[in-house]
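Trainee: These are the residues of each chain, in order.
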Amino acid sequence: MRYALGKLVQLVVVLVIVTFLTFMLINLLPGGPEAAILGFGADDESIAQLQEDLSLNDPIPIRYARWLGDAVTGDLGQSYVNGSTVSELLGARLPVTLALMTYAMFLALLVAVPFGIATAWKADTRFDKITGTVSFALLSVPNFIMATLLVYLFAINQDWFPATVKEGDENLYTLFLPALSLALGQIAVFLRLLRTDMIATLQEDYIGVAKAKGMTNRRILFRHAFRPSSFSLLTVAGITIGNLIGGTVIIEQIFGINGIGKLIVFSIFQRDYLVVQGVVVVIAAGFVIINFAVDLLYALLDPRIRHARAIA
Amino acid sequence: MARKKVVLTSPTAAGDKLDGPLLEVEDLRTHFLTPAGTVRAVDGVSFTLARGETLGIVGESGSGKTVLSRSIMGLLPSRNVVRQGAIRYQGHSISDYSQEQMRSVWGTEMGMIFQDPMTSLNPVMKIGNQITESLRYHLDMDKGEARDTAIALLTSVGIPEPAQRFGEYPHQLSGGMRQRVMIAVSLACGPRLLFADEPTTALDVTVQAQILDLLHQQQRERHMAIILVTHDLGVVAGRTDHIAVMYAGKVVEKAPTSVLFSEMRMPYTEALLNSIPRLEDSSHTRLKIIGGRPPDLINPPTGCNFSPRCPYAQPRCFTDEPPLRPADTAGHEFACWYPVGTPEGTKALEDNVAAGVPAAVLATGGEPALADQGASA
Amino acid sequence: MPAPSPDPVDAPSLSERPGADLLTEAGGEIEFDAVTADVTADESRHQLEERKLGIGFWVATAWLVVLVLLAFLAPWLPFVQDPNEIDALALRQPVAWQDGGSWNGSASDTLHLLGGDDLGRDIFSRVIWGARVSLFVGVAAVALGFLIGGTIGLTAGYFRGQYEKIVMAAMDIMLAFPALILALAIVVFLSEPGSQEATLRTITLTLTILSIPALARITRASTLTFSQREFVQAARTLGARNGRILVREILPNVIPPMVSFSLIAVAIVIVAEGALSFLGLSVSAPTATWGNMINEGRTALEFAPHIALVPCAVMFLTLLSLNYVGDQLRRRFDVKEVRL
Ligand SMILES: Nc1ncnc2c1ncn2[C@@H]1O[C@H](COP(=O)(O)OP(=O)(O)OP(=O)(O)O)[C@@H](O)[C@H]1O
Ligand code: SF4
Ligand SMILES: [Mg+2]
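Protein chains in written order, with the working numbering: chain A, 1 to 312; chain B, 313 to 689; chain C, 690 to 1029.
Don't read these hints as lab results, they were simulated from the structure.
All values derive from a computational prediction rather than experimental measurement.
Each hint can be trusted.
Residues of chain B placed beyond 10 Å of chain A at every Cβ, according to the derived structure:
#1 Asp355
#2 Gly356
#3 Gly364
#4 Ser373
#5 Tyr409
#6 Asp452
#7 Pro474
#8 Ser486
#9 His535
#10 Pro607
#11 Pro655
#12 Val665
Below, in silico cross-link-like pairs of lysine to aspartate or glutamate (DMTMM-like), each with a Cα-Cα straight-line distance of 25 Å or less:
#13 A:Lys129 x C:Asp1016
#14 B:Lys438 x B:Asp460
#15 B:Lys438 x A:Asp205
#16 A:Lys166 x C:Glu991
#17 A:Lys122 x B:Asp408
#18 A:Lys7 x C:Glu853
#19 A:Lys122 x C:Asp1016
#20 C:Lys854 x A:Asp295
#21 B:Lys438 x A:Glu204
#22 B:Lys438 x A:Asp295
#23 A:Lys122 x B:Glu412
Positions of the beta carbon are idealized from the N, C-alpha and C atoms, including for glycine.
Looking at chain A on its own, in the form it has when it is part of the complex:
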């Protein structure tokens, strides 16, 4: 409990800093928030009006506090391009992106966990070496190359999957290629990590004990070795979500998926800064919160941490 509380304080501190930095971005913009909202080249009069309206002449901490207060209640400002609020835009776009990320994460784990366990079990065999080489190569394929390749192979050369995903038609089938593009690189990361940790765990005495008790290999691998080997996988999976968010920006662009990735790129080109700011804040906050959850989960999986932290 104390552990969770400590983490919570940490979470709040990080959130405040992250949001503050994002808030500051718009002030760093040449021309400041005025240009952000009105666009470059607005006349002096409307700028003065805006400064008046939004109290832009107040000191930055006060404006940050006000902005944060609004943000917490869901008011992230308004797009000056099409007038809809940032929250509306997010509400419409976020679900697809989340679905895509979850799908990718699921695919990655689905492949990486069994292969990670199997390669550790069969370490240094041909199977292990081939898997190792393939995953090393996968690590060097950026997701936009992966996506391009997959589209070429399975949407153009073979007509198995659609090359673009129409809005309202997002399902496990149409999202397969986008998710796979995101997942393949992660598979390599997860697999190598799990393999290393599993190999270390399989050297442990308690694995020998389990064997000497006559437990089956399957039980030893999954019941005894997997859990103690999964901690760093879990931590890295949490951090990976950051990569996935970045990846979706590109993948949504390639497959024409209407998620927040496409939203942010579109807004950038439209110089719709308030939307960019809003999306960045939500993404950063989401990322921080997910990693907080991972930390808690971590403690849940490892009784040693649970108790050590509880006492400390």
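Starting from the structure of chain A, add chains B and C with the ligands where the hints point.
Mentor: For chains B and C with the ligands alone, kept in the frame of chain A given last:
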């Protein structure tokens, strides 16, 4: 998945020679193929063990004791390992068993306790589950039954408040308590043969005796045979029926315990005996340690393995390897050209002292300063 | 945080350290023994690795050297054409060895080794010119990142204490941003619509900032291991000043692992630059970058897949080489794997 023991492969099945020895090991060799060469960790070991008896296996670190016990149990990794020789358990040649067949031996027929209780329990599994899983798997108990049995086991190994401990994790227990749990784990399915690989080395001196007594008590109650592995002759002195002394993968002396202590023939055994801490020494004085390092198992010395460090060594020792041969007392065997306590041996030692051979001076002089040098050399 | 698990290479499980339990009476000796045991284990492993620095390593190194030379010398090499010159006869022309390529009856007389793109520009030359951007950004950002992040990590790992805590917390907070999103944000908010050089500067700066936390962490980790070593402790006892110890004793030891990691870092930065230019946020068209070549090529994927796939392949091979060489060197220098 078959949850019941496969009757055919079980060494307890009908046809057991219940009168024969429990375990016979014949010329067992276990070699590791490493990039640096072949490590002859166990190199031609033979012995027999009767039901309910205790065999002590003694030797320095690296002499192959752990490899020997794991090799007998078939617990070595299969890659890079060459195992030869015969192992018969109740008359069944288990050295030919597959992993699958061994699974019916592990846990129910043979159990093993490891050296370090801190690492031999799964840190993320509740203590109770670590005991009940083999009960449920091998003996087909249901959850409640297994729990009751596990708590009874925890009680019998002297764990206070067993019902509460059942749901705790290993890190919540002290080292001694963990070793007790480990004993409960390995005894759960009632093995007839228990390998205890330095079960007390990692523990406090006061706890060591308690654990050894516990093992002894369990052994009597269950009529179980124990192979007690240790580097400390003091540990095995009062608690074993037979002792085998190992050096560089070979048994160099073997005898009933009392005979070994009274009539030891092998200079190495003598050296080991001298390294037992005595009560009159304060706990901080350094033990007399055998000078020099254990031999290279990849390129063992020619002749007697012990010759580079032996106070008795004579030219012959450097060329001819002494075979294991019977001594006067029945059941006593040793491998040495110039045995301790014989005229040849005494003369060899005297000659060496006179010639100033370091090992001999060290062994007879026994001054702490010299012993220290030997230890850090 | 999970302790880094031992390298899978040193697998022997049963063997406790030889001699350890004979020395249990003397506390100090055990540690000494453990240290020497580790050193010998490391040495033998090194010897193994040394033998293993195989052909792959040299092929990858050769690829990188050739690419760097081509990119660097591009303006002066006769066979590298102007990347924006349009050869109307080479529209979507396939690679030279395919049907309709330069060696197989192409319409154009000019040699287009890797074919022509949608506008008839020479893909080979564009890939080389694209390499200039990628390599420049990658090397510049990592070099600057190491200068700043390395200094931070070095001092944090050496001086420890409150300073370390604060600095590393700041690094952690930077890492709390998803990298590409942060890059997008910085690029957008920093870039004034301006010249190509200005954009290049912004991109390099952005990626430098992004690389600082990771580089600082890694430098700190290896500084930590070295500042515990005997020779540093010895220098301290002898009264050497901190600055001297840092520069003379620690830095030379920290640099080799840093070098091997920097190759991997360059690969990461190249990917990031590729992503930005793929999105059209890096140096803009018509200047060739790998990212925008791939992006432009996608529209012709059906009829002239090579327009996108050639830069894909070149980029992949470059990243693979960087990662492979970096990884091999890392094993050589035996850097503890620093996770996260
Ligand atoms: N998997 C392996 N590969 C190569 N050599 C090994 C392996 N396992 C053990 N050895 C070697 O076999 C020899 C015997 O080791 P073993 O662990 O049996 O010694 P021990 O008598 O149990 O010593 P200790 O008292 O330290 O436990 C050692 O030299 C060890 O290095
Ligand atoms: S006396 Fe010779 S044979 Fe006997 S132990 Fe010593 S060296 Fe070996
Ligand atoms: Mg041992």
